[in-house]
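Listed below are the residues making up each chain.
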Amino acid sequence: MSSTTLRAQESPGSTRPPQPDSGWPPTPKLVIGGIIAVAGIALVLYLAYFFNLTRVLNLVGEFHPFVQVVLVVVGFVAFVAGMLYLIDIAPRSGKIYTLVRLGICVLVPFAVLLFLNSFEWAAAVGAVLGAGLFLLDYRSRKGKGYLIQLVGFLLPAFLLLVIGLILPSIQTVGASFMNSSGERFVGFDNFIWVFTQPAAIRTVLNTIVWVLIAPAVSTAVGLAYAVFIDKSRGEKYYKVLVFMPMAISFVGASIIWRFIYAYRGPGETQIGLLNQIVVWFGGEPQQWLLDSPMNTFFLIVVLIWVQTGFAMVILSAAIKGVPTEQLEAAELDGTNAWQRFINVVVPGIRSSLIVVLTTISIASLKVFDIVRTMTAGNNDTSVIANEMYTQFKNFEGGRSAAFAVILFLLVLPIVIYNARQIKKQREIR
Amino acid sequence: MSEVMPVEVPVDEQTKRQLQRGERRIEATARKMKRGATSKWATVVAIIIAALWTVPTFGLFVSSFRPEQQVKTTGWWTFFADPEVTLDNYVEVLQSGNSTLDLAGSFINSIAITIPATIIPLIIACLAAYAFAWIDFKGKNFLFILVFALQIVPIQMALVPLLSTFSRGLTIFGVPVGFGLDASGGYAQVWIAHSMFALPLAIFLLHNFIAEIPGEVIEAARVDGAGHGGIFFRIVLPLSMPAIASFAIFQFLWVWNDLLVALIFADGPVAPITKLLAEITGTRGNEWHLLTAGAFVSIIIPLIVFFSLQRFFVRGLLAGSTKG
Numbered sequence: 001m002s003s004t005t006l007r008a009q010e011s012p013g014s015t016r017p018p019q020p021d022s023g024w025p026p027t028p029k030l031v032i033g034g035i036i037a038v039a040g041i042a043l044v045l046y047l048a049y050f051f052n053l054t055r056v057l058n059l060v061g062e063f064h065p066f067v068q069v070v071l072v073v074v075g076f077v078a079f080v081a082g083m084l085y086l087i088d089i090a091p092r093s094g095k096i097y098t099l100v101r102l103g104i105c106v107l108v109p110f111a112v113l114l115f116l117n118s119f120e121w122a123a124a125v126g127a128v129l130g131a132g133l134f135l136l137d138y139r140s141r142k143g144k145g146y147l148i149q150l151v152g153f154l155l156p157a158f159l160l161l162v163i164g165l166i167l168p169s170i171q172t173v174g175a176s177f178m179n180s181s182g183e184r185f186v187g188f189d190n191f192i193w194v195f196t197q198p199a200a201i202r203t204v205l206n207t208i209v210w211v212l213i214a215p216a217v218s219t220a221v222g223l224a225y226a227v228f229i230d231k232s233r234g235e236k237y238y239k240v241l242v243f244m245p246m247a248i249s250f251v252g253a254s255i256i257w258r259f260i261y262a263y264r265g266p267g268e269t270q271i272g273l274l275n276q277i278v279v280w281f282g283g284e285p286q287q288w289l290l291d292s293p294m295n296t297f298f299l300i301v302v303l304i305w306v307q308t309g310f311a312m313v314i315l316s317a318a319i320k321g322v323p324t325e326q327l328e329a330a331e332l333d334g335t336n337a338w339q340r341f342i343n344v345v346v347p348g349i350r351s352s353l354i355v356v357l358t359t360i361s362i363a364s365l366k367v368f369d370i371v372r373t374m375t376a377g378n379n380d381t382s383v384i385a386n387e388m389y390t391q392f393k394n395f396e397g398g399r400s401a402a403f404a405v406i407l408f409l410l411v412l413p414i415v416i417y418n419a420r421q422i423k424k425q426r427e428i429r
Numbered sequence: 001m002s003e004v005m006p007v008e009v010p011v012d013e014q015t016k017r018q019l020q021r022g023e024r025r026i027e028a029t030a031r032k033m034k035r036g037a038t039s040k041w042a043t044v045v046a047i048i049i050a051a052l053w054t055v056p057t058f059g060l061f062v063s064s065f066r067p068e069q070q071v072k073t074t075g076w077w078t079f080f081a082d083p084e085v086t087l088d089n090y091v092e093v094l095q096s097g098n099s100t101l102d103l104a105g106s107f108i109n110s111i112a113i114t115i116p117a118t119i120i121p122l123i124i125a126c127l128a129a130y131a132f133a134w135i136d137f138k139g140k141n142f143l144f145i146l147v148f149a150l151q152i153v154p155i156q157m158a159l160v161p162l163l164s165t166f167s168r169g170l171t172i173f174g175v176p177v178g179f180g181l182d183a184s185g186g187y188a189q190v191w192i193a194h195s196m197f198a199l200p201l202a203i204f205l206l207h208n209f210i211a212e213i214p215g216e217v218i219e220a221a222r223v224d225g226a227g228h229g230g231i232f233f234r235i236v237l238p239l240s241m242p243a244i245a246s247f248a249i250f251q252f253l254w255v256w257n258d259l260l261v262a263l264i265f266a267d268g269p270v271a272p273i274t275k276l277l278a279e280i281t282g283t284r285g286n287e288w289h290l291l292t293a294g295a296f297v298s299i300i301i302p303l304i305v306f307f308s309l310q311r312f313f314v315r316g317l318l319a320g321s322t323k324g
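Heads up: the sequence lines are chains D and G, in that order.
Here the first sequence is numbered in our numbering, starting from 1 and rising by one per residue.
Here the second sequence is numbered in our numbering, starting from 1 and rising by one per residue.
Derived from the structure by calculation, the hints contain no laboratory data.
Beta carbons are placed, not taken as given, at the ideal position from N, Cα and C, and that holds for glycine.
Take these hints with a grain of salt, some might be off.
[Stated by the list, open to error] Here are a few chain G residues that face chain D, going by a calculated C-beta distance under 10 Å:
id, residue
1, 74
2, 78
3, 128
4, 164
5, 278
[What the hints assert, rightly or not] Derived DMTMM-like pairs: lysine to aspartate or glutamate, alpha-carbon spacing no greater than 25 Å straight-line:
id, chain 1, residue 1, chain 2, residue 2
6, D, 142, G, 219
7, D, 423, G, 13
8, D, 393, D, 189
9, D, 29, G, 13
10, G, 40, D, 189
Extracted from the complex, chain G is given alone in its bound form:
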């Protein structure tokens, strides 16, 4: 999870309001374009930055469709003088890989890893967030601060011991209670590891949202005889859908893009595409026709998610960075 986190740092009320105001205004400007107040130079610089940020991806995209010989001998920008398009790179890269797995298989692995690793921590975090927001118990604040503090523990600290817990079993006070998972047992290790690492942030963000549901709504349901289970299922879950959606997008992108957790927990036949790509980069680093096509295969799903759910993504980012 070395990608950006929509962060852990709480901010004072004023900034929170300010950001919400800004967010509303962003959506307003998108609807009715205001007359530009910016100077010519600012526009020029903005266009240069936009180009710098877009051209690399564009170059990758163009290269991935050029014939092998051309990719290796001429720059991708010559494509416009001499356009020639082929899908051979994709065919070849999807079949390349290591002895146990090809890139097409690892693409399927990525999907199989990402979906449960998004759904499971979300549900567990929703439950815990509800308890922190709406059930009174002793030591609630202490526990919540503990969960909050766990966010700053780099997952690097947890990786290796967790791996040995998976393979050898868990010992509590010297008593082995077992928790053994076979390394060959498929995706289970990766699912569980991603779920564990996602929890602190997920609980924290969802708690902030769930705690803001008006107390009267919950009280009314309680008067009608609903228990915590019913309130959670019928009121809290539907009302928190925006927060759940934006966190789900984040978690999806993290898990899909992750390399570190995959290197440690997803070996052999269950490796995701990021791992295979990193391997191909290491072993065939100059086969640019393969690398560009492979990279494009790996970023296509995140890009689809990004472009279709962009609005939720931004909202989640802003909520995460300011609520506290």
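Isolated chain D, as found in the complex:
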């Protein structure tokens, strides 16, 4: 036999030169590792077959919550470690590794399908996919084990994204054209319903009010604060104070602010700070969260309170990054502080401003927790995200989906604007 045929048999289609070390006989370390990895996957398959995902999780669910946490995290980490080990040995050449590759190529699709809980399908599809995957991998120009590596790294994420985001989003769009039980196609009826009900129109308008006010005010206050404390003594502590609400949940923030807005009749001792201040100045206590349309604004205050810290942190970094030379040059030209701010600092931090405005806009479009906790959407304060949940709870699947689609359509222009902005900036350079 000539040496060329030998080489061809050793590594068909591989770009690597044949390695003198064929991997046979394997080192004890590798054999042990291989046995552990195969045993790990076999265990998973065994569990999948006998219990399937539902039953395994139900079984885990029997334990104390903290034991569950440990079991799930350790199990998951062990699974990933086993997978990484197999990925690592997959590209090596040698008889034993070919067998390992074949094993992985069949086991992985099989395991995935088993996790989806249907044994017959798993057996059939897993075997076919596995054989195909193995052949593809064997002939892959990028070397043996290439596909295994790719699949190992990407498959978990893609499986979750497809099941968790892509398919559901498509289903939601579909559901928005169906009746409430999702059985009959009704065309645009759900959308027509939204835009003919005064309450539903109010909901959409409220969402727009949120997205107009919250980003503008939080960014303005955040920017002012960042400028005012810039280079001052104890800047770090000033920052922490305003930034802290970011860590507080919207539910927590809502309770904090409900307390501030709390109402007691005139003449009684006020326990809400805002009414107390009004009384101190000789006014009548107000029902801040009852009277429309002002109540929506008092809800927006909560979001502003939470988001200003975010704006401040980003803008503060941007301001400090404005080149000192530019500021000094402007100063030599005899400009005052305000002119320097408008003509040098603001243009310098423009794209950070856009980032902040965009982020807070998207957050205000999706605002849910604040409205849910503070007014539950009563007294004309509802927003799209809250109405979507309310309709879902009332078994109005179609209307709920229609609200979700409207929300998506409202987010879309903001994102498109950003994409174009970036493209423009790239072209300028």
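Following the hints, position chain G against chain D.
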């Protein structure tokens, strides 16, 4: 995840450098306080803003320790004239709740939900981010843009169909392949849902970081015979720890603070504290001694995380908002 995201919007190189410069300078100023160049008025306004942003939380904190009768009849600011401290509110609120769960139990639920829902998506996202950064394959750019685009899909779009997928099973091309999870089966639904929703942003941010690891380092390891698994485990993971840490903090805070996903996926005995609190607010909205204590219980963990890991948190925010 209606909280702030450390955003999706890519920014040009120049701004990125500018922000990094600013970030360095922030840390520098923290070390040696520069002489203030700000005017008196600016300082006054800054102090007013700082007070406006701090007083609400402070009021909550003070109220939660006042006796029930006083909380209900006088404002918390009278505390300073007549200080009286009690822990009764906490004892009472931890035992209150609905028929299946009390607040203490939901606090434990929050911990049990948050830890796996932080670790699992991080690991999966690291794997995918590595593949996008360092493995060549056809359609890589297309897939990456797809993942990027998924960030703009409001999770509201996905919630209800995902719930029915969990309960009824998955159908692909009309063929039921099953994916059934029992609604009563504990935390699994919430873990999986949070993991799914966190992925697009996590992959995107970690990819930006992992792609910046110098190619020579990876090449050197490859020459030494390491496969992708070895490179990932021994080089990429240790080098990306700062990015992983800052995203972990974010994910932790989101999951802990989340209400929407919890309302849909975590029912009955597995509900987290945010859900219980929202319920208590709805049913006993004027029991201020309970609400203030309950709210403080729910924000104590995020505040500890925030104050101890603040530096990473800010760094993650800045990285997220500018890299692209």
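Hint by hint, here is what the structure shows:
no.	hint	verdict
1	74	holds, 6 Å
2	78	holds, 9 Å
3	128	holds, 4 Å
4	164	holds, 8 Å
5	278	holds, 5 Å
6	142/D to 219/G	holds, 16 Å
7	423/D to 13/G	holds, 12 Å
8	393/D to 189/D	holds, 20 Å
9	29/D to 13/G	violated, 47 Å
10	40/G to 189/D	violated, 60 Å
In the structure shown, a violation is registered for the earlier hints numbered 9 and 10, in ascending order.
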